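K.L.:
Sequence:
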Amino acid sequence: MKKITLIFLFCLPGLVLAEATPKRLNSAAGVLGEIMSTPDKGIPLDLMRHAQCIVVIPGVKEGAFGFGAKYGKGFFSCRKGADWSAPASIRIEGGSFGFQIGAIETDVILLVSNRRGAERLLSTQFTIGGEAEAAAGPVGRFSTAQTDISLRAKMLSWSRSRGVFAGISLQGATLRQDESDNADIYGRKLSNKEVINGPIAWPNEASEFHSVLRKYAGRASERRTPKQK
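Residue 1 is where the sequence shown starts when you use the numbering used here, and the numbers rise one by one after that.
These are calculated hints, taken from the structure and not from any lab test. These figures come from a predicted structure and were not determined experimentally. We treat Cβ as the ideally placed atom computed from N, Cα and C, and that holds for glycine. The reader is advised that the hints may include incorrect statements.
[Claimed, not checked] Derived CB-CB ranges, DEER-like:
1. Gly81 x Gln171: 29 to 37 Å
2. Gly172 x Thr124: 28 to 36 Å
3. Gly140 x Lys193: 32 to 40 Å
4. Lys80 x Gly33: 16 to 24 Å
[Stated by the list, open to error] The calculated lysine-lysine pairs, modelled on BS3-like cross-linking and capped at a C-alpha distance of 27 Å, are:
5. Lys154 x Lys193
6. Lys61 x Lys80
7. Lys215 x Lys41
8. Lys23 x Lys193
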C-alpha cells in the first residue's frame with residue numbers, strides 16, 4: 001500500500017503538467033465564467049467587485065490512499081487602476097489526512113480582499129494558515145450585512161467538485177509562483193511580482209480570462225447602469 005501511495009503522489013504533478021499552459025488559461029476562464037453565470041450558486045458579486053486579486057486553479061488533483069495529497073496549477077490577476085493585471089502563474093500544493101480511496105478533481109477559487117493579502121500572494125510562496133488565513137467564502141445572493149462580514153477576511157476560498165460549489169478552508173495548502181509557466185505565456189521567465197506590477201500586456205491566450213474578470217469583477221462604480229426611459 002505504501003508503494004502505491006508514493007507512486008500516486010509522484011504522478012499527481014505529471015497529471016497536471018499534461019495540460020498545456022494556454023489551455024489551462026482557457027480552463028480557468030471557463031471555471032470562473034460557469035460559476036458566476038449561476039448567481040444563486042456563485043460568488044456574491046459584491047465580493048468579486050471588492051477583491052484585490054482573484055486566483056483560479058482549475059482541476060486540482062487530489063488522491064488518497066490512507067492519506068491525501070493535492071496538486072494544481074492556475075493563475076491569478078490583481079487590480080491595476082481601472083483594469084486587471086496580466087495573469088501570473090501559481091501552483092497549489094497541500095496534504096490532507098483521510099480514508100478516501102481514489103482521486104478527485106477540484107476547481108479552486110481564492111479571493112484576496114486587501115493589500116496585505118495581495119503582498120502574501122506576490123511572495124515566492126506562502127502557506128495558508130501559517131502566514132495568511134483563508135476563510136470559507138459564502139455562496140449565492142447574500143445581503144449587504146452578510147457580505148460586509150466576509151469582506152473583513154483577508155482571503156476567501158471556494159471549491160467546485162462533482163458539480164457542487166461551496167466555500168472551503170484551504171488551511172495548510174501552500175501557494176508557489178511558477179516561473180516556468182510564466183515563461184510559456186510571456187516568452188521569458190518572470191516572477192509574479194514582475195507580471196502583476198510591471199508593464200506586462202495581456203497575452204492573446206488569456207483574452208477569455210481577461211473578459212470574464214472584467215465582466216464579473218468590475219468595480220460597482222465602473223459598471224454602467226441602464227438609462228431610465
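K.L.:
Does each hint fit the structure? Answer for all of them.
P.N.:
So, going through the hints one by one against the coordinates:
Look at Gly81 against Gln171: about 33 Å separates their beta carbons, and that is inside 29 to 37 Å. Taking 28 to 36 Å as the suggested C-beta distance range, the pair Gly172 and Thr124 does not conform, at roughly 18 Å. A hinted range of 32 to 40 Å for the beta carbons of Gly140 and Lys193 is consistent with their spacing of about 35 Å. The given range of 16 to 24 Å is respected by Lys80 and Gly33, whose C-beta atoms sit roughly 21 Å from each other.
Only pairs whose Cα atoms come within 27 Å are accepted, and Lys154 paired with Lys193 is accepted, the gap being roughly 19 Å. A distance of roughly 31 Å separates the Cα atoms of Lys61 and Lys80; the hinted pair therefore is violated under the 27 Å criterion. With a C-alpha separation of about 17 Å, the suggested pair Lys215 and Lys41 falls inside the 27 Å cut-off, and the hint holds. Note on Lys23 and Lys193: the hinted pairing holds, with a Cα-Cα distance of about 23 Å set against a maximum of 27 Å.
Comparing the model with each earlier hint shows violations of hints 2 and 6; every other hint is respected.
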